[in-house]
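K.L.:
Chain order of the listed sequences is A and B.
Under this note's numbering, the first residue of the first sequence is numbered 5, with each subsequent residue one higher.
Under this note's numbering, the first residue of the second sequence is numbered 318, with each subsequent residue one higher.
Keep in mind the hints are simulated off the structure, nothing from the lab.
Small disclaimer: the values here were computed from a predicted structure and weren't measured.
Incorrect hints may appear among the rest.
What the hints assert, rightly or not - One side only, chain A facing chain B, incomplete, derived with CB under 7 Å:
| id | residue |
| --- | --- |
| 1 | F27 |
| 2 | A29 |
| 3 | V45 |
| 4 | T46 |
As the list claims (entries may be wrong) - Non-contacting residues of chain A with respect to chain B, defined by C-beta distances greater than 10 Å in every case (computed):
| id | residue |
| --- | --- |
| 5 | D12 |
| 6 | G13 |
| 7 | L21 |
| 8 | E28 |
| 9 | D35 |
| 10 | D36 |
| 11 | V48 |
| 12 | A54 |
| 13 | I59 |
| 14 | A61 |
| 15 | K62 |
| 16 | D73 |
| 17 | S76 |
Beta carbons are placed, not taken as given, at the ideal position from N, Cα and C, and that holds for glycine.
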Amino acid sequence: MDIEDIRDGVLNILKELHEDIDFEAEEKMVDDKILDSFDLVTLVTELGDAFDIEITAKDFVAENFNSVDALSEMIERLMDE
Amino acid sequence: MFVSYSFIAFLFGLFLLYYLIPKKLQWMLLLVANFLFYFSAGRYYPIFILVTSFTVYVTGCLMGKVDDSLEEYERKIKAGEIEKPDREEKKKIKGRMAKKKKCYMLICLLLNLGVLAVTKYTNFVIDNVGSLLVAAGKTAPKEIDLIVPLGISFYTFQAVSYLLDVYWNKCEVQKNFFRFTLFVSFFPQLIQGPISRYGDLSKTLYAEHKAEWKGIRFGLERILWGYFKKLVVADRLSVAVVALMRDPDYYTGGFVFVGMVFYAVQLYADFTGGIDITIGIAETLGIHLEENFIRPYFSKNIIEYWRRWHISMGTWFRDYVFYPCSISKSMKSITKWTKKHFGMGGAKRIAIYIATFLTWFATGVWHGAEWHFIVWGIMNGIIIMITGELEPLYQKFHQRFPKLQGKFFYRAFQVIRTFLLMCCLRMFDTYAAVRLTFRQFFHMFTKFKWSQFSVQEFIDLGLTKSDYMIVFVGTVFMFVVSMLGRDRSVREKISEKPYVVRFGIFVLLFFIVLLFGKYGVGFDAKQFIYNQF
């Protein structure tokens with residue numbers, strides 16, 4: 005699975021959470037409170053299932069959830085681990 | 318402890334020595350000062366803090382070693398020094414190391430939380446078991462005389478935050494035991510926090526500091542402001558609050574409301590005053606501590622309030638209880654199950670709600686080994702969940718009336734509503750009994766009479782007319798300073814004024830504290846409220 009596939013998967017999951025938001029344009033999804041606690045926790049479960057990874061408290065930091073790119077990079081790293 | 322002559326003398330001596338000795342020795346002097354301070358509070362107390370420091374320090378080093386060996390293993394693979402393992406083999410080795418690290422962390426965590434639990438909660442358990450035994454017609458066991466070290470909740474949480482940060486690779490390992498002990502035992506924080514993170518505090522705690530007049534002046538101003546809040550407002554008002562709570566049968570109806578508001582002012586002045594003194598002391602030594610309050614009584618709802626009140630405790634519970642709990646394996650399974658049976662709406666809520674409940678239960682327990690604290694915590698959690706659930710309704714309301722949000726009166730309504738809500742919740746703290754709190758809450762409405770309020774009734778609470786006037790002016794003063802500090806620090810603004818004005822403000826505040834501080838015979842200023850936690 006390459007980074008583009010990961011990006012597509014991430015976008016699909018985000019769209020399921022909030023279909024009205026253009027996530028590709030967002031760079032500060034956590035800092036600007038576009039994603040709230042409910043979304044973040046759901047995202048961890050959904051991403052874990054979709055990509056067979058385990059996101060732990062270590063990776064549960066704003067920088068990893070602020071944009072689609074940051075999320076994709078974290079997923080790629082966790083898949084590699 | 319901040320309000321005694323001996324403490325001020327101790328501080329003065331430390332300050333002089335700190336800037337006289339070679340700078341590389343400053344952190345060592347602070348460590349000695351910490352233990353002198355702690356020893357003077359109780360001669361057995363240093364043993365407890367040393368046990369915490371030592372165990373967390375050793376565990377930090379052990380976890381660091383696991384990380385180092387993993388790094389070395391990966392380096393060898395890259396350099397071709399060892400044969401490249403397949404994906405499964407590599408995963409297995411990494412898993413083994415992760416397990417080892419987790420094992421170290423868990424042992425240390427349980428040990429330190431165990432010490433906290435035994436010292437703080439043993440008698441709570443004995444009392445409750447005793448009540449059940451008495452109900453069953455048996456004899457209740459006696460309470461045990463245990464030492465509860467000063468600030469154990471604060472320094473244990475500070476040490477645990479380091480332990481978990483190292484476990485999650487969020488901060489570097491401190492390899493010097495004495496430096497680490499300084500982080501755990503930094504004396505200004507031992508009374509009532511704030512609970513600092515190693516990554517933040519270590520930036521300035523171990524640095525060499527030269528005497529910079531601006532920092533020292535700012536620190537002194539902050540200390541003085543803290544003493545003003547504590548001695549002029551909080552300790553004076555505490556006399557009336559104690560009287561109101563001591564006789565709840567007499568002081569009922571409207572006086573419940575009076576007690577609620579008085580306690581809100583007293584607690585604010587006491588706790589923020591203490592934190593001002595703490596941050597100010599650190600500032601005079603060139604050490605930066607994070608802010609613990611951002612004008613909490615101007616919050617528009619309970620969620621915002623908890624982002625602005627006792628921030629270091631709130632973020633501690635968020636980072637080390639709420640988030641780890643809400644993304645734990647078991648919670649993920651619950652979320653998946655809920656999604657399958659109740660859809661995305663339910664799945665989004667379930668983990669957050671369980672984690673919120675557990676976090677607030679833990680927050681209540683942390684505040685004290687008594688049921689009223691636990692109920693207070695749970696009530697906060699429930700109201701936070703209700704507020705979250707009502708959010709879409711508020712959004713619809715604001716969409717329907719878009720101009721309302723910018724209006725002063727609407728903002729004032731939101732602030733007053735939140736202030737009163739938090740006052741009601743704090744009644745669990747003031748009445749210190751769950752049933753009594755509920756009774757008093759309802760009596761506030763059912764037994765309210767305007768005729769209750771006479772000047773003499775207020776004088777009978779133990780304060781004179783001048784005392785009330787001083788409290789009123791002091792509260793207005795705190796309010797004005799709070800408003801002035803909205804855009805940037807009030808001290809920064811003062812520092813732009815001519816020297817005479819700056820000096821005049823400082824001297825005036827000094828004499829106000831000296832003349833209007835509530836000292837009593839033999840300087841018996843009250844202990845800080847948060848010191849008991």
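K.L.:
Now tell me if each hint is right for this structure.
P.N.:
Quick rundown of the hints versus the structure:
1. F27: Since the shortest Cβ distance to chain B is 16 Å, the answer is violated.
2. A29: Result: violated, 22 Å to nearest chain B Cβ.
3. V45: Holds, about 5 Å.
4. T46: Nearest chain B Cβ about 5 Å off; hint holds.
5. D12: 20 Å, holds
6. G13: 17 Å, holds
7. L21: Non-interface label fails for L21(A): nearest chain B Cβ at 8 Å, not farther than 10 Å.
8. E28: Given that every Cβ of chain B is farther than 10 Å from that of E28(A), nearest at about 21 Å, it holds.
9. D35: 14 Å, holds
10. D36: 16 Å, holds
11. V48: 5 Å, violated
12. A54: 12 Å, holds
13. I59: Label violated. Min Cβ-Cβ 7 Å, cutoff 10 Å.
14. A61: At about 4 Å from chain B, A61(A) fails to clear the 10 Å cut-off, so the statement is violated.
15. K62: 4 Å, violated
16. D73: 21 Å, holds
17. S76: 19 Å, holds
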